[in-house]
Amino acid sequence: MGTRQADKISRLELFFFILQSVIGIGILSLPYTVFSESKTDAWIAVLLAGIAITINMMINWKLSSHFPSANLFDFLPTLLGKYLSKAVSVGYIVYFLAVAYLVLLLFGDIITRWVLPRTPVLAIYFLLVSTSIYLARESLSVITRFCVIVSIFLPVLLILMLVPLNSSHFIYIFPIGQTGLEAIFKGAKETSFSIIGYELLLVIYPFVKGNHTQIRKVILLSSAFLTLFYTFLVFNCVIFFSSEELEQIPEPILYMLKSFSFRVIERIDLLFLSIWIVTVLTTFVNYLFAASIGIKQLFHQNDHRHFTLAAGFLCLLCAEFTGDRFLVQKISDFLAKASFLFVAGIPLLLLLIIYMKKLRWHGR
Amino acid sequence: MIDFGSQRDLEDYIKATLTTDDLLTKHLTIDQLNLTIYYIDTLTDIDKLNQQILSPLLQEKGENLLNTIHSIASKQMDSADQAVKYLLRGSSVISLEEQDGQLSLWNLDTGSAFHRSISEPVGEKIIEGGHEGLVERLSINLHLIRKKITNKDLIVRYYRLGTHTDTEVALVYIQSLVDQDVLDEVTERLANIETDSVISQAVLEEIIEDNPLSLFPMMLNTERVDRVAANLAEGRFAILIDGLASVIILPVTFFSLYQSPDDYNARWINGSFIRLIRIAGFLIATTLPAFYISVISFHFELIPNELITSIHESVQHIPYPPLIEAFIMELTIELLREAGIRLHTAIGQSIGIVGGLVIGDAVVRAGLVSNIMIIVVALTAISSFVVPSNELRLSVRILRFPLMVLSSIFGLLGITFGFTILLIYLCKLESFGKPFFYPVSPLRLRKLKDSLARSSFTFKRYPKG
Chain A
1 MGTRQADKIS RLELFFFILQ SVIGIGILSL PYTVFSESKT DAWIAVLLAG
51 IAITINMMIN WKLSSHFPSA NLFDFLPTLL GKYLSKAVSV GYIVYFLAVA
101 YLVLLLFGDI ITRWVLPRTP VLAIYFLLVS TSIYLARESL SVITRFCVIV
151 SIFLPVLLIL MLVPLNSSHF IYIFPIGQTG LEAIFKGAKE TSFSIIGYEL
201 LLVIYPFVKG NHTQIRKVIL LSSAFLTLFY TFLVFNCVIF FSSEELEQIP
251 EPILYMLKSF SFRVIERIDL LFLSIWIVTV LTTFVNYLFA ASIGIKQLFH
301 QNDHRHFTLA AGFLCLLCAE FTGDRFLVQK ISDFLAKASF LFVAGIPLLL
351 LLIIYMKKLR WHGR
Chain B
1001 MIDFGSQRDL EDYIKATLTT DDLLTKHLTI DQLNLTIYYI DTLTDIDKLN
1051 QQILSPLLQE KGENLLNTIH SIASKQMDSA DQAVKYLLRG SSVISLEEQD
1101 GQLSLWNLDT GSAFHRSISE PVGEKIIEGG HEGLVERLSI NLHLIRKKIT
1151 NKDLIVRYYR LGTHTDTEVA LVYIQSLVDQ DVLDEVTERL ANIETDSVIS
1201 QAVLEEIIED NPLSLFPMML NTERVDRVAA NLAEGRFAIL IDGLASVIIL
1251 PVTFFSLYQS PDDYNARWIN GSFIRLIRIA GFLIATTLPA FYISVISFHF
1301 ELIPNELITS IHESVQHIPY PPLIEAFIME LTIELLREAG IRLHTAIGQS
1351 IGIVGGLVIG DAVVRAGLVS NIMIIVVALT AISSFVVPSN ELRLSVRILR
1401 FPLMVLSSIF GLLGITFGFT ILLIYLCKLE SFGKPFFYPV SPLRLRKLKD
1451 SLARSSFTFK RYPKG
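Protein sequences appear in the order of chains A and B.
So the first sequence is numbered by the numbering used here: it starts at 1 and just counts up by one.
So the second sequence is numbered by the numbering used here: it starts at 1001 and just counts up by one.
For the record, the hints were derived by calculation from the structure and aren't laboratory data.
A hint or two may mislead.
Claimed, not checked - No farther apart than 27 Å at their CA atoms in a straight line, the calculated lysine-lysine pairs in the BS3-like style are these: (1) Lys1449/B to Lys209/A; (2) Lys1048/B to Lys8/A; (3) Lys296/A to Lys1428/B; (4) Lys1434/B to Lys209/A; (5) Lys8/A to Lys1447/B; (6) Lys1428/B to Lys209/A; (7) Lys217/A to Lys1447/B; (8) Lys1026/B to Lys1048/B; (9) Lys1428/B to Lys8/A.
With the rest of the complex left out, here is chain B (with noise of 0.2 Å):
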């Protein structure tokens, strides 16, 4: 047992850490023993510290009141700082005097546990299979996850972060699949953070990762407990943050950010069709406005005799150069995308349907826009909505900006530059040591057919463990 002083001091001296109107204090004297509970109202299930701590404390005397304390208490505490932080996590804390004027504190877990159901991710939509989401509370999280994968390696590592927010942030992997240099370099990346709030999962992100600028994401969001199981399964690490619903993922490449949970669902010629189809719409996302301003500047031989005609006529009397012509169409785009996301969704419907086929009719009737530019602008869009993971969807939006540019000062020659500045970028990015671009580069031409396509789990080679 620690001394704390008298009953009075300690009681004194929580008071004066926590002046928080919502701390209570209940006086007992059981049998001339002396407790007094302590608890944040608003953070306990008043239920829970009726059922589990009052009622059977009441019901005993004497010498078994401290076997039942023992009984219902989760932990001894040491200190009254501790105490506290305790308090501020949700738990009851009661301290007891014995006969001998020994004091002595526990900690009881009373803590109430809102939560929203367990329901699909809305961002994150799959045809079949599981439909889990993870929800805002660490614990319920982590279980769904245990659940996923009941195997011995699978490590949760808890840390607190956040001087003012105090977040409880959990690690999770599977001991034998991860990489020993990258768990060494996470942890410790973990460990020396510094920071004030841990509020958004972009705080964590932006300290631990190799290139807070980077214009790719280096992990990846997901809310999916299917995505986050696998993942940890091809030896990734889960960073789980208490009160979000979305996981952080790492490290990642390009290609695992192509990947969605419906490829392994399907069978797997279909499965690696639709991967693809993906890939092929980073590239059609990237460079399609830039290849057509390209075209109508520069290499007008390019396109086949017969289709030279309709392109001509619907081009001609087109007043702005196709670069500003095309900038119109994507600022058009992209806002009304941004305004569906923000509005309520049987408004966010009618906003597109204003936007897509009024203002798209309107603006080629007007003679602003040509309909190839339509065409070309709608079919980039569409492109670029293929992507699972959100954040790298907001890169592949904003990279076909410099390349229409470039294609409209240099032609051909400027998309092949932009392209190759951008393969240069891939090639240089690294991720917790891990090339961002694998298995392409550096290549590995194995691998490649679990990355570009999916390849059927019957030539699969599992790894060890």
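Chain A extracted, bound-state conformation (with noise of 0.2 Å):
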């Protein structure tokens, strides 16, 4: 793969790559999902989803800096020979399109739900997909330039969810750990199956300038802002909903900024879902983008850009021919799993392969 100086990306655009990448979709029904596993402690469970984040992030990381200048795809085959190589490599790509399907499922479902309840659900998927491809089939440079710049929206968010504070009530939160350790954890587990999207750190890390320990620090600070910002999320809706109203709904955030109203806009949740759909877009366009880069590996071509238009059309088909809402229930399940095995088992594994082949060198 080129490395041309061209395409290199800065640190400041790989920290807003992760970022971009992870917020996403989630945010909109993390509370409510880590809520009905942990209840009033759920924002301790995503503090210490944080730290299996930032443990799963050092994973790849480590796993990249031993491949200074090649991607996942190009360094699959010196780990696991060339059939078992090509067959991980598809499974990555799978998985990447699974996600993106999954988000352009999940944004269609929102978007008809919230904002155009009689606008057909494949006129939206056509929207989201057409414009991602737009910017997916551009260099790495030109989109993460883009994620930059769209991470002016992220504070905009961030205000937009400090209005609730004033008629929350802390003492929802009380007492703390009443829960228990075990549905702690067990919201902790979910959230990090939720909170996924540093694993395309594994397809850019190449084209990141300066040295391992500088993007480490890179990559330990966004783990940091995603845990306080994921947090500080979970926390607002604990202490704005009761309990029992927040087992109900499946977007609290949502319907918390609902029922505000400032004296020039009446309705920020569409103000708010304005600007996530930007981040949802993001997060597709990067996958996308991950996929089709991918895939030209796959068939050793130049180009990625017509895998990114193909790509993007099989999502849309796909989205248009199983737009079902138990269904999606179920393969968002299903996608959770096996987000496990992408972005921790694999390259943990192939890490541990590292370590023995290193060992049998020493050894001779």
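Two chains, two frames, some hints: make the complex.
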């Protein structure tokens, strides 16, 4: 894979790339998911999940740092051999596409329920897919530049989330730890399944400027930011809603914002959704890009543009023909488990293989 | 001395090459030396010819004659074709036959220099500061620029472009400030231009720019001397074309198109404020009608309760969907604007009154368009006027139409996606290898204060050189 200087991205861009890959569709439903497991201690569960995510990120970093000029699809053959590596490559490509597909499904679902109830969902899918293809067919540097620009929306989201604090009741979090360790760990497990996106690091690592320690610092920073960001979201929901309420609303953040109005804008949730769309888009784009890079390298091509187009429309078709809500739930649950394999399992395994190979080499 | 054959041969050759009637020749014999003077009547200043050539020549004799020619001629030429070329640029050509039969050719600049006086460009007025504008003569424009920048690093490179027009083009830059890669790129592209004629700058721009299909202007056209000088001082290139009063400046960024010399004449807080207002103007000009359409047709609940009744009242009797309503008014405004430009100033003003007041009022009374829509469209039009670059103004005017269509189909979602596509496009664009949306993308926080705002000169660290 060519790593020309022009394609390189700065560490700032890496930071926002990770942020924009991770933050996306999940933020609306995460508080509900965690709450159904860990109740009022949900925020502790998210903090714990943050540690797990940081460890996962470090595994991905450690693995990539062994190959400073090769990405996942390049170094798989040297670790796994010709055939097995092909299988794993295909596995990753399918996984990336599946995540993109799920993002698309959930996006269509939420937009239909909250903003445009009578617009055919295919039109909404098409809007997201066509815009994403337009960006994902560009080089990584353009994509990361875009990720950096749209990150100015993150503070806006946070500020919007500050509005409900005024009428929150901190008493809701007490007594801390009432649900017990088991429930908290269960919640943490759920959280770490739904906070994914940093595994794209495996694909873009060789393009980042700087040495390994510098990059590690950026990754740690981003994981810290993500942990605090999600903890804040969940905490906010927990102190705003009573337990009975939070158990019944799948998108607590939107309900929370809906109950407020400024003098200028009556429905903040619409404003929130309009901005949230962009963060969903970047998640979708980044996965689409990673998948098409994978396909490109699988077939030894030079250009990923056609594959982006094909992959995007594949997601669109799949989403159109499987848009059943129960099926979505099933796929979502399945992907959560699969993500564990691709985000943590396989990288850890590869890392072990590297160490074993090193040991054997030293033994000789 | 190069052999051109005899005096007769040369004359035959030149007359055969230039068969035009305004080619004149004068034969003189001074002190047994045969002189022939060629010039194109319509390009030549006859007074200059008489004073600078004929009268000194007629006073001299023998040895001195050659010296005189040496001192008054600007160049000795070595081919008859070259002589023809210089004739076409307004020079006179003297062929001198010495006693031994050797011919020599001399070129003297006797071109007439008609040009209009230097005045402030109509399209780019500023409130205070320098009011010099460029004119249609390359040499005068270069003079004006050199007067502004007396720097040994100010380089002028001449090119002759256009096989039919043979237009003189000058590339101007400050050596110590420009990016060497961009310089190589620009000189290479200029040297490789193959075109028939260079009559307008658009010809040149389209040939040398990266994306001829780009929606945004990738170069800045200006007629202001101070703007050219300021851009040169920022390490950009200026391309001047003989016969045109406007200069092409490249490579530009989105934000440099939003700068005006006025920003730098004002105090920095005021300058920053004005610049931020302009950028807000960009957002309003592109999205306001779209936002209005999406609110009216999709998200009525976005408006505060107190406003709903009054908006509802003005909208309820309008027969058309908001998109059509908006298109009617936008089209009217565009027509008025175009009519106002093409007409004489006095008539232009009355068009403004008829259009703005009479049509606006009548259209609302007739119930075709709601009065809120009139406010929206008027605000949009005014916002699009604040762009200092004429070409960007056109892009901004066009940009809002796709956004309007998208918002009428998808509401706020459409605007978000439309704007996202615009942002992606801006991130993609590059002008001579420089990102167009710099310093926002790629983000350089330190440069932001000098592009979005205008920071004080006291904060500025000057680049070397």
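Each hint tested on the structure:
no., hint, result
1, Lys1449/B to Lys209/A, "25 Å, holds"
2, Lys1048/B to Lys8/A, "62 Å, violated"
3, Lys296/A to Lys1428/B, "21 Å, holds"
4, Lys1434/B to Lys209/A, "19 Å, holds"
5, Lys8/A to Lys1447/B, "21 Å, holds"
6, Lys1428/B to Lys209/A, "20 Å, holds"
7, Lys217/A to Lys1447/B, "25 Å, holds"
8, Lys1026/B to Lys1048/B, "15 Å, holds"
9, Lys1428/B to Lys8/A, "15 Å, holds"
Hint 2 from the earlier list is the only one contradicted by this structure; the remaining hints agree with it.
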